[in-house]
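*Asks:* As given, the protein sequences belong to chains A and B, one line each in that order.
The opening position of the first sequence corresponds to residue 16 in my numbering, with each subsequent residue numbered one higher.
The opening position of the second sequence corresponds to residue 16 in my numbering, with each subsequent residue numbered one higher.
Hint data in this document are derived by calculation from the structure and do not stem from the laboratory.
Hints are supplied without guarantee of correctness; some may be wrong.
Chain A residues, not near chain B, derived (Cβ > 12 Å throughout) [as the list claims (entries may be wrong)]: (1) Val-48; (2) Gly-86; (3) Glu-181; (4) Ile-230; (5) Pro-232; (6) Gly-268; (7) Pro-305; (8) Val-352.
Per the computed footprint, the stretches of chain A lying under chain B, defined by three or more beta-carbons under 8 Å from a beta-carbon of chain B, are [stated by the list, open to error]: (9) 27–33; (10) 53–66; (11) 134–145; (12) 199–205.
Treat the numbers as computed from the prediction; the structure is a model and nothing was measured.
Cβ coordinates follow ideal geometry from the N, Cα and C atoms, glycine included.
2 protein chains.
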Amino acid sequence: MPMETHLAVDLFRGGILESRHRTSVAAWKDGRVVLALGDTRRPVFMRSSSKPFQALAFVLSGAADRFGATGEELAVVCASHGAEECHIAAVRSLLGKAGLPPSVLGCGTHPPACPRASAELARSGAGPEVLHNNCSGKHTGMVLTALHMGAPVETYLDPAHPLQVENRRNVALFAGMDPADIRICVDGCSAPNFGLPLENQAAAFARLATPDASIPPALAAAARRVVAAMMAHPRMVAWQGEGDAALMGAAPGKIVSKLGAEGVQGVGVPGRGIGIALKVEDGSARPRLPVTVALLRAAGILTDAEAAAVGPPAALPLRNHRGIEVGAMAFALPEEVRVLRNGYGGLEGGR
Amino acid sequence: MPMETHLAVDLFRGGILESRHRTSVAAWKDGRVVLALGDTRRPVFMRSSSKPFQALAFVLSGAADRFGATGEELAVVCASHGAEECHIAAVRSLLGKAGLPPSVLGCGTHPPACPRASAELARSGAGPEVLHNNCSGKHTGMVLTALHMGAPVETYLDPAHPLQVENRRNVALFAGMDPADIRICVDGCSAPNFGLPLENQAAAFARLATPDASIPPALAAAARRVVAAMMAHPRMVAWQGEGDAALMGAAPGKIVSKLGAEGVQGVGVPGRGIGIALKVEDGSARPRLPVTVALLRAAGILTDAEAAAVGPPAALPLRNHRGIEVGAMAFALPEEVRVLRNGYGGLEGGR
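Sequences and hints are given; from them, build the entire structure.
*Replies:* Take a look at the structure:
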């Protein structure tokens, strides 16, 4: 971490600084890096922000068509879902179309990520199952793709499995990298995950939303279908009112976004050639949404009304257990963010 | 945040750095600051690490004796408890001795902090009540003290209430400060909280565990009683196996410790004149216990066996949902920590 040029996202309480989240941001526009705050060149694992890219093979291979995946089902393949009823139903439906039981999924179990769904499950007296795992859609997509490819299903999480090799190649293609330069780790759900610089992650999200000439036509078509599904069904990508569901839901058709664990966020802007990737140094989720919204506002992509509709992040400790306002989050985007606006020789109405 | 000399607590995944927690540490020994890593001189809110100091008035005023507080009950007054049965019973008992209903407590409600207690409550179908708030013991102590002082009970959370003025004075006395220099905010539980430099927080914990000549005898006696109760009943201060309960439980009678929200931890070592205070810049709880244990090991206070008995922090993402080891936490204490050892002209066995 050589340079200390990251965005400082500060939480104040009683008028003094209580906590600070150092946040790195890379933005890509018109084929180049236009913004680099903080540490944007060291490899960072995409975590769940890689899911839209991991879904490409599901479409490209023909598996999505063969098993008749609906838009909702394709969206849940790209999701870190909350295990709401609609998510469980979509994953169950997709597995059913392939005649597979949930036990083929290797993601492990955890309680529903959506607090309402988690409380409901607890009230029911039942424990979490593999379908409740926020990655169960992604794993279903992987299993169905492996099956359709004629590759072994039991070993689908092996980094050397043909599907995982293809996923790495797809991420590399959108990121403009050699697959060999992408670092591999084991994700929370046991799938291989991808470590690459934020600048390349920003490029990948720009090309996901607006495929350029570097993306072969069939893959570009797959990207458009993935992006369209996510934008049409934002709730399927997260859960009601939360994170990417709140963001994409507030500005239908304008942005595609996917968060990742440890404070990662990727955003692409269809038709604008813009991609943004951010990583909170300490892994906190708190700055993710406010910083993303502020960047999209500064870029002239979200209107004030759309930004307000996203709402405050649930995790922010700005009100206490009696609802008393006890703190505030503050950060200042640097002047350079204006490069994200169209025609940045002459700003759209200044700032 | 002028100096970048904090401890970097790093989380690795797939062989590369994933997240970093910058952690400031101050240690006090034999009447002076002996260790200052990071930003130890700006005011930091103690949050729940102030609870042992807020409990002093309960003892000193005579309220603890008048209402016949047991050791367990005094410990829960100092607690960020998990709302296990033992905690609810202790708070209920203490309120009952004063003939007061739970509705006098102004801490608000939240689900039990202990995941097991939270799941049990959810299964029961009941919602959280004020007794489940992790601060319900502290608030009970405050209400009983106000009652015993003959001060108004309804306004006990007002920073100008005689009890809150006394609490501020007590914190200042142990910290070696003027009360006017202590910043005040509204805590998560609506009680006034105290902002002071980590160096002074370390001094306060040193004097709490080993009162020196600056502490009046009656207050020193109250401190000894508070510390003895916490060390004798570690589970009452947190919950089974967690945080301060794990730490104090692993080394009975050796240390008194109390964490606070936003990555704060205070530790005192009875009979050694040592106090330690740390604050994670970003507010994360992840480094709190591992760094505290490493410091106490380096100081020669915890044995290897005791350090191992504390166990890993529950929140560390080192294993994934299938139990596969996916990461590691790493940090290197600087050479200077050896000043915490006794006779640091000649180290106990060197290093």
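*Asks:* Look at each hint and say if it fits the structure.
*Replies:* Consistency of the hints with the structure:
| no. | hint | result |
| --- | --- | --- |
| 1 | Val-48 | holds, 21 Å |
| 2 | Gly-86 | holds, 27 Å |
| 3 | Glu-181 | holds, 19 Å |
| 4 | Ile-230 | holds, 26 Å |
| 5 | Pro-232 | holds, 33 Å |
| 6 | Gly-268 | holds, 33 Å |
| 7 | Pro-305 | holds, 15 Å |
| 8 | Val-352 | holds, 23 Å |
| 9 | 27–33 | holds (count 6) |
| 10 | 53–66 | holds (count 4) |
| 11 | 134–145 | holds (count 4) |
| 12 | 199–205 | holds (count 7) |
Of the hints listed earlier, there is not a single one the structure fails to meet.
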